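> As they're listed, the protein sequences go chains D and L.
Quick note: the first sequence uses UniProt numbering, first residue 1, plus one each step.
Quick note: the second sequence uses UniProt numbering, first residue 1, plus one each step.
Calculated directly from the structure, the hints in this document are not laboratory data.
Predicted, not measured: the structure shown is a model, and the values here were computed from it.
Be careful, since some hints might not be right.
[To be verified] Simulated coverage check for chain L against chain D, where a stretch passes if three residues somewhere in it have a Cβ under 8 Å from a Cβ of chain D:
1) 18–26
2) 49–59
3) 68–77
Positions of the beta carbon are idealized from the N, C-alpha and C atoms, including for glycine.
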Amino acid sequence: MHFIFPYLTFELYACRLKSRIMEILPAVPDELFSDTFSSAALGLEEEGSDAADIKAAALDLVLEDIITNVIFGFSLEIHRMCKKGVLFIEDTDTESIQQFKIVDTPGFDIFGQELKKKSLECVCPNCERLMAASRFAPHLEKCMGMGRCSSRVASRRIANNISKQEGSDNDSLGGDNDIDNDWSTGKRSKKVKKEKYSSSLKGRGRPANKMRTEAAGELDVSTLLAMDVEQRKSVLMNICGALSEPNSKKICTRPAKCTLHSDEVRQLSRHNFLVDNGSQRVLTPTAGCHPLPPDDEVDIDIDTFDDLDSQILRDALWEKDRTPTASPADSTSTVNSNSSKKRGRKKKSKRNDK
Amino acid sequence: MRSSINQKLVESGESERLKDILRTRLIECGWRDELKAHCKEIVKRKGLEHVTVEDLVAETTPKGRALVPDDVKKELLGRIRTFLAQQST
Chain D
1 MHFIFPYLTF
11 ELYACRLKSR
21 IMEILPAVPD
31 ELFSDTFSSA
41 ALGLEEEGSD
51 AADIKAAALD
61 LVLEDIITNV
71 IFGFSLEIHR
81 MCKKGVLFIE
91 DTDTESIQQF
101 KIVDTPGFDI
111 FGQELKKKSL
121 ECVCPNCERL
131 MAASRFAPHL
141 EKCMGMGRCS
151 SRVASRRIAN
161 NISKQEGSDN
171 DSLGGDNDID
181 NDWSTGKRSK
191 KVKKEKYSSS
201 LKGRGRPANK
211 MRTEAAGELD
221 VSTLLAMDVE
231 QRKSVLMNIC
241 GALSEPNSKK
251 ICTRPAKCTL
261 HSDEVRQLSR
271 HNFLVDNGSQ
281 RVLTPTAGCH
291 PLPPDDEVDI
301 DIDTFDDLDS
311 QILRDALWEK
321 DRTPTASPAD
331 STSTVNSNSS
341 KKRGRKKKSK
351 RNDK
Chain L
1 MRSSINQKLV
11 ESGESERLKD
21 ILRTRLIECG
31 WRDELKAHCK
41 EIVKRKGLEH
51 VTVEDLVAET
61 TPKGRALVPD
71 DVKKELLGRI
81 RTFLAQQST
């Protein structure tokens with residue numbers, strides 16, 4: 001409605017004006033027609049003129065009416081422009097005319113700039129490579145692995161990325177869970193130590209990951225030995241950690257559940273690095289038969305936990321409550337101490353052998 | 001006779017068609033630009049606030065009439081004639 005209203009008022013105004021001007025106009029045409037259409041006017045006045053002449057005169061007048069109408073419309077238009085302030089809008093000074101003159105010389109565009117090929121390049125959001133604009137869409141398709149037959153490279157890369165992400169997720173979430181489980185089955189008397197370990201492991205989770213992703217399948221023993229025990233532990237938490245070959249100095253850096261190496265071999269190597277400080281002892285197969293607990297942390301604790309202490313503790317417990325209603329906690333502690341003792345003896349025997 | 005021809009032209013809508021043709025022809029031949037420049041002069045002379053439609057019409061009509069090229073007039077006359085011939089048959 002608001003759009004139509006001004007138009008309607010304008011039309012009404014025009015109609016009103018037209019009627020007023022038509023009152024004025026008859027005074028104008030008389031003079032004008034007398035110049036331009038004198039013959040026609042005369043023809044009308046002449047009594048003995050032909051019908052053709054009369055018709056011609058009438059046609060001239062009709063034409064004049066049409067022309068007058070058009071001029072009237074034009075005048076209204078000009079007036080409208082005048083009142084809206086757009087009449088002089090296209091008047092510019094000579095400077096700007098010179099400045100924005102349309103150039104029509106060959107070899108230049110209309111602004112007078114030289115025609116040269118612009119190298120339009122786009123940055124691929126996926127691999128951040130510079131790409132000619134014309135090649136960008138096909139590249140993106142391949143790079144992101146869209147389309148039906150995306151390139152093998154892209155699909156492989158995506159697969160790698162996914163596996164990495166999943167691996168890191170497992171490390172960040174499941175890794176902690178593993179730690180907790182291990183520790184919960186371990187010694188309760190070491191709570192403070194446990195918290196310290198878990199926090200340190202959480203903190204080191206990412207560097208260890210990074211190292212794993214950076215290392216190309218294998219890690220040198222020397223680099224591992226350069227670290228302190230906690231760092232080694234955090235590294236070994238995330239990788240298989242087994243020696244790639246019996247006498248090589250490379251460690252397998254595949255995920256902890258690597259299928260290439262058995263649990264026994266893993267345990268051995270862990271034991272080797274964490275307990276014996278990386279001494280290149282030849283690990284006999286019998287050593288692998290020890291009932292070692294599945295994870296290295298437990299090894300450490302048991303090792304630091306003195307056999308004498310456990311003995312004393314056990315004796316004390318036995319003496320304290322000989323009642324048949326022994327708490328489960330006690331029983332576990334005794335079992336653990338037993339096993340640790342056993343293991344300790346075996347280790348000692350190993351060292352003696354050497 | 002003039003009024004009867006006018007009536008026929010308006011009733012059939014031919015008058016609007018003719019006006020359209022005339023407008024385009026006048027724009028094509030530069031009549032419009034010329035007359036616009038003339039109007040600008042008038043507006044400058046009288047002042048933007050004091051211009052009335054009556055003034056503009058009174059000043060532009062004689063000049064506009066005189067400036068309409070003869071061949072445009074001839075074309076329009078021919079069109080009117082053919083229209084009338086079609087009507088009469």
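> So, for every hint listed, does it hold in this structure?
Verification of the supplied hints:
1. 18–26: It holds: at least three residues are needed, and the stretch 18–26 of chain L offers 5 whose Cβ sits within less than 8 Å of chain D.
2. 49–59: Holds: 7 residues of the stretch 49–59 of chain L have a Cβ under 8 Å from chain D.
3. 68–77: Our answer is that it holds, as 4 residues pass the Cβ test (under 8 Å) against chain D, meeting three.
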